[in-house]
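Protein sequences appear in the order of chains V and L. Under the numbering used here, think of the first position of the first sequence as 161, with each following residue one higher. Under the numbering used here, think of the first position of the second sequence as 161, with each following residue one higher.
Keep in mind the hints are simulated off the structure, nothing from the lab. Wrong hints could be hidden among the right ones.
Each pair may be met inside one copy or between any two copies, as identical chains are not told apart.
As the list claims (entries may be wrong) - With a straight-line cut-off of 20 Å between C-alpha atoms, the simulated PhoX-like cross-links for lysine-lysine are: (1) K513 x K446; (2) K446 x K613; (3) K613 x K531; (4) K474 x K561; (5) K513 x K481; (6) K613 x K532; (7) K446 x K532.
Protein chains: 2
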Amino acid sequence: MSLNQLLQEIMEEITPKPEERVKLERLYQAYMDRARRAAEELTSDFKIFLGGSLAKDTALSEDTDIDLFVLLSPDLSKKEFRRLGLEIGERTFLGHKPIERYADHPYLEATVDGVKISVVPTYRVEPMIWKSPVDRTFYHVQYIKERLREEQKREVRLLKKFMKGVGTYGAEVRVKGFSGYLCELLILHHRTFLNLLQAVQCWSPPVIIDIEDQYRGDVETIQEIFKGQPLVVIDPVDKGRNVAASPSAKSLASFISASWWFLRRPSRIFFYPPPTQVDVDEELSKAGDLILLTFRHGWMVEDTLYPQLERMTKKIGVKLKENGFRLLRAGIYSDFMSASYIIFELESKTLPKRFLHMGPPPFKAEEAFVKKNLNRGFSVWISEEGRWVSSRDREIVDARKLVEEIVKGVMIPKGIRNQVRETVRILADEQIKKDLGVNPRLREYLEDFFLTKEFWVLVNH
Amino acid sequence: MSLNQLLQEIMEEITPKPEERVKLERLYQAYMDRARRAAEELTSDFKIFLGGSLAKDTALSEDTDIDLFVLLSPDLSKKEFRRLGLEIGERTFLGHKPIERYADHPYLEATVDGVKISVVPTYRVEPMIWKSPVDRTFYHVQYIKERLREEQKREVRLLKKFMKGVGTYGAEVRVKGFSGYLCELLILHHRTFLNLLQAVQCWSPPVIIDIEDQYRGDVETIQEIFKGQPLVVIDPVDKGRNVAASPSAKSLASFISASWWFLRRPSRIFFYPPPTQVDVDEELSKAGDLILLTFRHGWMVEDTLYPQLERMTKKIGVKLKENGFRLLRAGIYSDFMSASYIIFELESKTLPKRFLHMGPPPFKAEEAFVKKNLNRGFSVWISEEGRWVSSRDREIVDARKLVEEIVKGVMIPKGIRNQVRETVRILADEQIKKDLGVNPRLREYLEDFFLTKEFWVLVNH
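The shape of chain V in the complex, shown without the other chains (with noise of 0.2 Å):
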């Protein structure tokens, strides 16, 4: 089948059939009259609108939410507009559960009929004049309805469903990814999926990609304002704003691998991955030592939980690390409801006892360096590069004893440190087999833990 061929046969399979449109179009109608009515009850002064992929037309077959918008006035405060925002929610889901879905911004979400259907206030405010996160949605809508062409649309539904497929797709903190306007901006400047991977190849960061021409070609200001960014591609409606700025090196670094591959031999699997097998058992024979840390918590916002979960995993690495020991990865998991995993292997979880220690050259101050050796009775000589060095005894020889006194520490975030404290296990190699035995959820998360998500480079296509 030649690429062509290819890309047409998906395309057709991942565009919204006619009966899922009209069952969309019908779901949103009613929906957005229930909102009306809501807001009507509680103020005169607002606007619904349609955002997201249905109303931008990119949509995923099988894959679509409503996303509707409530436009409210500028002048309300943070808590009342949070309060109306909320309340035109509940009345609008009546009779359904909606989920309370807000780290830093309040809406609400209900599942109806298997489509996720949001209700998300926002100030109606000018352009640059933003009161809160998502007021720029508003003009993001008007901006990729005015411009993106019928065609156009394929490409982008093409492109979420690749990103999806290599596990790059969505600016979840989880994930790290590509949002949906970030893939409709690509397509709008490449204006095709092929030319998007082509021109992938060739990046090197930092990639600027300023479609307005907001700098007239400014790199330096560009460079300057988003230092240290690989990526970075300048908000049409806000040029302060880097749409780029979510995906991670990892999420960055994984696109522009799949391309690569996929160019070279083009197949459905980028798109539709193929169901992969991990043998925990095997893996974890092969594996370096592991230390894995669980505790408990109750019902949590993934966009809250997640980042701590991260910032407590990096902490307790750079510890690791500091004090000797080798990190070959690290995995954090997650129900979000009552229970967090997090990973460590390690190419040994013990170390020798010795090791050495770098001191000053004589040109500083030695004497401290070597008096506070000296009193402790370890070695201390004059290396061949000039420096003093000691060989001392280390304090911590065992991995697992010091995650356990890190989780003692103030290392742990604030939002989850009671919860570590009164419920966390800290469990090496052995444990975590005779654990295995009798938790399947382990199994399960030591199973996504040892499953190489670059799959495009495992399957011989």
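With chain V held as given, fit chain L onto it using these hints.
Structure of chain L alone, referenced to chain V:
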């Protein structure tokens, strides 16, 4: 006792006594005569001069060599020069058993009445048209004799004794310290021993001393010529030469450190190091893991063998580190007659099987890395930093085996390769302890290895 009293006392102890001077005078006159007669039998074109500390009157009591230089015609070929020089030496030492001491320059040495006498041929050339590495010596001697005042000779002796005490005296390959000539120049420049020690406290590399102002303060040119050399003392008889090229970073650092501690609390111990006891068995129990390499050989010139042992040690050290071992320190010992020892102290002589191998970012060619690792059955993934990494099995997890491999390879310097291959033994901890019982020389070497040469920080004086 005041600092001045202490220095006065030591000065008196280290100045050659009148009877000693008489004996040396008699000896060097006698051997100068013998050398003159020997030379006359072989050529009419020669001149004999006394060099070394005896000529400059900067020798230490009971520690004086007699260096006789035979100036020969610059028209002689290298071969004739060598033959003639050695023949004069042979005839001078008729009845003794002189030792041949040449790595890159031929000369003979004999010990008579407990005094070392050397006969060294040199070319009679004008400055800057040197034909052999010792042709400058004649001018060095003249330079110092003309400039060093009586009271400064005492300061030179103090400095030399101090340097000997703290282990930084001598330009030999084994010490890589300060030569006698360098000590004399440092006193010429700083006038007194104490001045120098104080000046040293403010040294911050690169330190530049141009006594004759041959570069007229052009520091940039000096730094360009002597790039990377921390201490530059321009040779008054050859502006292209750094007299301080031989002190290693370690020697320089040791001297600076010892100066600081001495100024803080002056003591005899800096000039007369206290005997230090090393309990090898105790040190062994405290040390990291040891790998000992030993091989047998015939008599070899120190200046030839030692650099080869150093090269070998360095190469093995680099390989150990490359393979993931953490090196605490290495030691070299040789009797230059029959056997040499190289000791490596490691954090651990074994490593975990697994290790993290860094690959390229996807911006570069990634295919080779990915395929190579997958083909060997290793996991690959994209790290948080956006680079390919791989969790691989180490090929070598045992330091002893690695050293065995290296010794078989081409990394051993040619001059000792055969001896090493044919007689090498590579021992690890338990075997070392076993060998200690039957090999008293090994105990001696290990004592030296564990001895902290920076005794001045150890002694509570």
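Can you name, in rising order, the numbers of the hints this structure does not satisfy? Checked against the structure, no hint fails, so every one of them is satisfied.
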